[in-house]
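**Student:** Protein chains in written order, with the numbering used here: chain V, 197 to 421; chain W, 197 to 421; chain R, 95 to 334; chain Y, 95 to 334; chain P, 7 to 230.
Quick caveat, the hints were computed from the structure, so don't treat them as lab data.
All the given hints hold, so there is nothing to weed out.
No more than 30 Å apart at the CA atoms, straight line, and that leaves these computed lysine-lysine pairs for DSBU-like:
#1 K154/R with K320/W
#2 K320/V with K320/W
#3 K334/W with K154/R
#4 K129/P with K119/P
#5 K119/P with K143/P
#6 K154/Y with K320/V
#7 K334/W with K211/R
#8 K211/Y with K320/V
#9 K95/P with K129/P
#10 K95/P with K143/P
#11 K111/P with K139/P
#12 K225/P with K95/P
#13 K221/P with K200/P
#14 K320/V with K189/R
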Amino acid sequence: MNSGFFSPTLIFSIRLTAVSCGTALLLFLALGLPAALWFSRSRSLCARAAAFFITLPLVFPPIALGYMLLLLLGRGGPLGSAEHYLGLRLVFSQGAVILSAFVAGLPLFVRPAQAAFQEPGIIKLEEASRVLGCGPVKTFFLVTMPLARRSIFSGLLLAVARASGEVGITMMLGGNIAGRTNTLSLEIFNCVSRGDFDEATSLCLLLASVSMAIYFVLDRLQKES
Amino acid sequence: MNSGFFSPTLIFSIRLTAVSCGTALLLFLALGLPAALWFSRSRSLCARAAAFFITLPLVFPPIALGYMLLLLLGRGGPLGSAEHYLGLRLVFSQGAVILSAFVAGLPLFVRPAQAAFQEPGIIKLEEASRVLGCGPVKTFFLVTMPLARRSIFSGLLLAVARASGEVGITMMLGGNIAGRTNTLSLEIFNCVSRGDFDEATSLCLLLASVSMAIYFVLDRLQKES
Amino acid sequence: MLHIDITKRLDRFSLEIVLDIDVPGITAVFGPSGAGKSTFAKILAGLCTPDGGRISFNEKVFFDGDAGVNLPPERRGVGFLFQEHRLFPHMNVFKNLSFGCFAGGRPPCGDVAEIAKVFGIDHLLRRSPASLSGGESQRAALARAILAAENFIIMDEPLSSLDDALRENLMGYIERIPPLFGIPIIYITHSREEVTRLAQRVILIEEGRVMGCGSPSKLLKKWRRTVSHQDQKYEGMDNQ
Amino acid sequence: MLHIDITKRLDRFSLEIVLDIDVPGITAVFGPSGAGKSTFAKILAGLCTPDGGRISFNEKVFFDGDAGVNLPPERRGVGFLFQEHRLFPHMNVFKNLSFGCFAGGRPPCGDVAEIAKVFGIDHLLRRSPASLSGGESQRAALARAILAAENFIIMDEPLSSLDDALRENLMGYIERIPPLFGIPIIYITHSREEVTRLAQRVILIEEGRVMGCGSPSKLLKKWRRTVSHQDQKYEGMDNQ
Amino acid sequence: GAGTPAVTTGAGYMKMVQELAAAYKEESGRPLQEVYGGNIGQMLAQIDAGNGVNVVISDKGTLKTAKSKTGIVRMQPLGSTVLVLAWRKGLTLSSPNDLTGDNVKSVAYPDPKAAIYGRAAAKYLETTGLGAKIAPKISQVSTVPQVFSYLVSGEMDAGFVNRVVVRAGGAKIGGSLEIPSGYPPIEMVAAVIKGAENDPSVADFLKFLGSGRAKSIMKRHGVQ
Ligand SMILES: Nc1ncnc2c1ncn2[C@@H]1O[C@H](COP(=O)(O)OP(=O)(O)OP(=O)(O)O)[C@@H](O)[C@H]1O
Ligand SMILES: Nc1ncnc2c1ncn2[C@@H]1O[C@H](COP(=O)(O)OP(=O)(O)OP(=O)(O)O)[C@@H](O)[C@H]1O
Ligand code: MOO
Ligand SMILES: [Mg+2]
Ligand SMILES: [Mg+2]
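Next up, chain V with everything else stripped away, as it sits in the complex (with noise of 0.2 Å):
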């Protein structure tokens, strides 16, 4: 750290996670919601086998998660080649810290938003709305996301929690690189590696503090909406 606690570095990393973690949010909504949607209106096999692979991400050590996902994206796997061909490469970059934060906090929206699709007091509601003329789309965004707003936030604060303090998978896919992949969490993991635990414990009071903030906004809007 070059000097002062705010050093150029560190702000770099406050910035980084916050674009990470609110792309991430962005994300799971775009996709996130759909999935849950489809998980839970439908017994296929297909959707089952994709809720299942959802999930996986939370039952394997980061570490190891991401070194496949590195093997499956990097120079030699199967994605990594036709990335090359894009021009694009996602390994290494902020795209890479991004989609770490994406995978490790996926699972915690889509449940509890499937969950909540379930519930037969919402389905009854669809249906009321389908016969006033509006259609399935409009339906999911008029009646079913707001009656469902309650889990929606909630798998949301879990999951952007989750992004907040994904180290394993951004560690393998984003490579720690300083003032370019290096998130807050992957700092305070870096201090900790380096047994310099009194910076780790001021910058998990500095994650501490942003995550309060973010965790009353939600909080608030969940309870009072």
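Keeping the supplied structure of chain V fixed, place chains W, R, Y and P with the ligands upon it in accordance with the hints.
**Tutor:** Same frame as chain V, but now just chains W, R, Y and P with the ligands:
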């Protein structure tokens, strides 16, 4: 690994993982459910602060959290000395492994349960139960729990999955001691650390198939019930 | 002897009920839509806490704002039939009917199978409430409330979604509950027919106040006034 | 012209409806509790898929089991009043009433404020449905269904939780919907009074079958038979 | 072709490499990419996947034993470093032989297969015969920082670590002493990854690592 794939150490790790996840599951039910109920019914500052603290482990990098818990529970820590008088040694014991699984999974269980307990439909049926002579505790078990089962199962699934994939806290608190506190996830972590990626991959496949079994049982319970 | 003297504010609606009556047999609570009948019933059952006042039944104090007494619903010994059934969706009809007994510890004031037969739902006992028709649910909820009652039964419009034939028959049954089981009924309704047919006395509620209390015949005139009042209220319609 | 020829099995209950009638004005669907009226209504609205058969309204095919046609509910242009209201709890009453227009793209067949006034709920427009009384909710749901209807309105016991005065008044209003807006009403009820008062024709349903179809007066005798049949069914009660 | 030098190291040497990088950038005005992974095994996996690292600073033994597809074409010696014995607050040790004393009840060392100092400690315990004498007291854990945190929390009485953690958190423990011999020397090297052998910018950075300024930085971190 001594000899063959299923060496005694590996079998020990599998058993330890099963035991700690199973115990954590019981603890989620025994302690997480009352907590979720409390958070869902009380708007007091105390309840909200407790809900925040339960979610916090999700935000911190597991390694850092493990270090903090170590200071808290270790020999010199405020809770460690109390432990000493009782003749109990939590750190480095299988109790530490269970505690780590519990701390890591708890927020994933409490949040969805809490969201479910706030549903107006459930509250109405609780009223009906009360009028029929059923006290609050019995009402909780006979009405609230079964009605919230979808969310409870989904939370349980997430929490147990997370507990089984936990590495950082378990390593710090449990010590990753072979034949005593090395769970399957820690074995995978060890393989990755040594650069032994082939073995890591086979252990991951093992973990994945065990999770798949647990997953489909819980999934079936959730949908059929 | 039912003694009530309570106040309750709900947004712009306020309820102020003062009553001191003996309630053997069937007591109708009668009034137009939005008069506060359901709110009154919930306060009596302990599902809604009044802002202040006192409720007692015989010697038992249900609520006393000054003394800080507020008996929880499960200890008031009332049977309650909700306007929207509230059958437990995760239990079959039989379990719903016997809930007051096996879960609430209430002594069953009748046999489940017997009451189910009387209500024409004996063939539905193994079914889930979600698969019942509107009328079938209403009858199941009614049977459940009767089975769990100790002190009195509150019925919030129990017959509103039944067909005429069934309504007729159930009225005959409800009529006989108080003499058979010695349990009074507080019967909330807005049907004149039900009041005259069933009730020994009627409490007239309008805009959250007791406008009268006495025998149905004596209150008939007052009730006529209510109807014409309603007509004025919704006269907009006649201009269409 | 409404053409219906469908079958539907539900566990031990089976519905087999064959109908080919013109439905201007008000058509009552009348029958005892559990006859299959609500199920019939849901199939007509597209909320429940029949096992096979065909449904068409005028030239429009709603359902054809053989051709694999199954128009989704939102494209059938029906207004539906559910037996249990189903107001959206997260929207105030005004938003509920205008939902068919702003969300469903249905041309409003009346002004929200105007209809709210007629139904005596104009002072409740900013309120949440959870705070409404049973009758108030029923009226709001009725108004919402009317506002969204294009081809016809299905009403599943619309007046069952209203007080007599209000019921009387709303009947007068419902009566005038078909001539005013040119929209037919399929009116599900088990009230004889409502049938004779409102309907131009009545479809009698019993145990899932059409037992008769024609003018209310002509079917009166048949209906009498139904009542006595019901009496027999629930005679257990008279023995108590 | 000419690119940017990208350097990595085990978490234990992160701070030293950070200082080296800062000095190099200041002196040469050229860019330098810094990449820090967990331990060396993880980093080699990342290099295989193409994270662009072309210089690895670690110890020779680890680099030789690590399973990796990555070819190392050249190793530039940087100096050697030592194993450190540290103990918790409340104890005083004057030599490694004090580990046999009754007041030392537990001794920890890192995983020999995963950490540089783990291998050094294991070898040291073996060659001196100390390991056999204190066998019941010994616990093998995973990483250097893990051992160090057990000393900080008082969980372990003594443990084998490196200079880096002792320098960062020395105030939290009772004390430490360096063990100069009794194990294969820990030779720190700068390893050049295949493909970067002809890169002039990499050569420039390696030249800097041999300079006096770099040597003094490394010395401060225990590499000499
Ligand atoms: N939570 C609330 N907030 C504001 N007003 C409320 C609330 N709950 C009920 N009200 C109002 O209180 C009045 C009485 O409601 P209540 O449900 O007791 O009427 P009711 O006599 O049972 O009518 P109905 O016969 O239509 O069921 C109504 O005007 C209603 O709008
Ligand atoms: N999902 C289901 N599974 C089994 N039986 C069902 C199901 N849904 C409805 N039924 C049965 O079908 C019959 C018709 O039900 P429906 O709701 O259509 O009756 P209804 O004529 O509307 O009665 P009501 O006037 O009481 O509302 C009833 O006997 C009911 O128990
Ligand atoms: O940081 Mo190391 O290379 O695992 O000792
Ligand atoms: Mg009411
Ligand atoms: Mg019905």
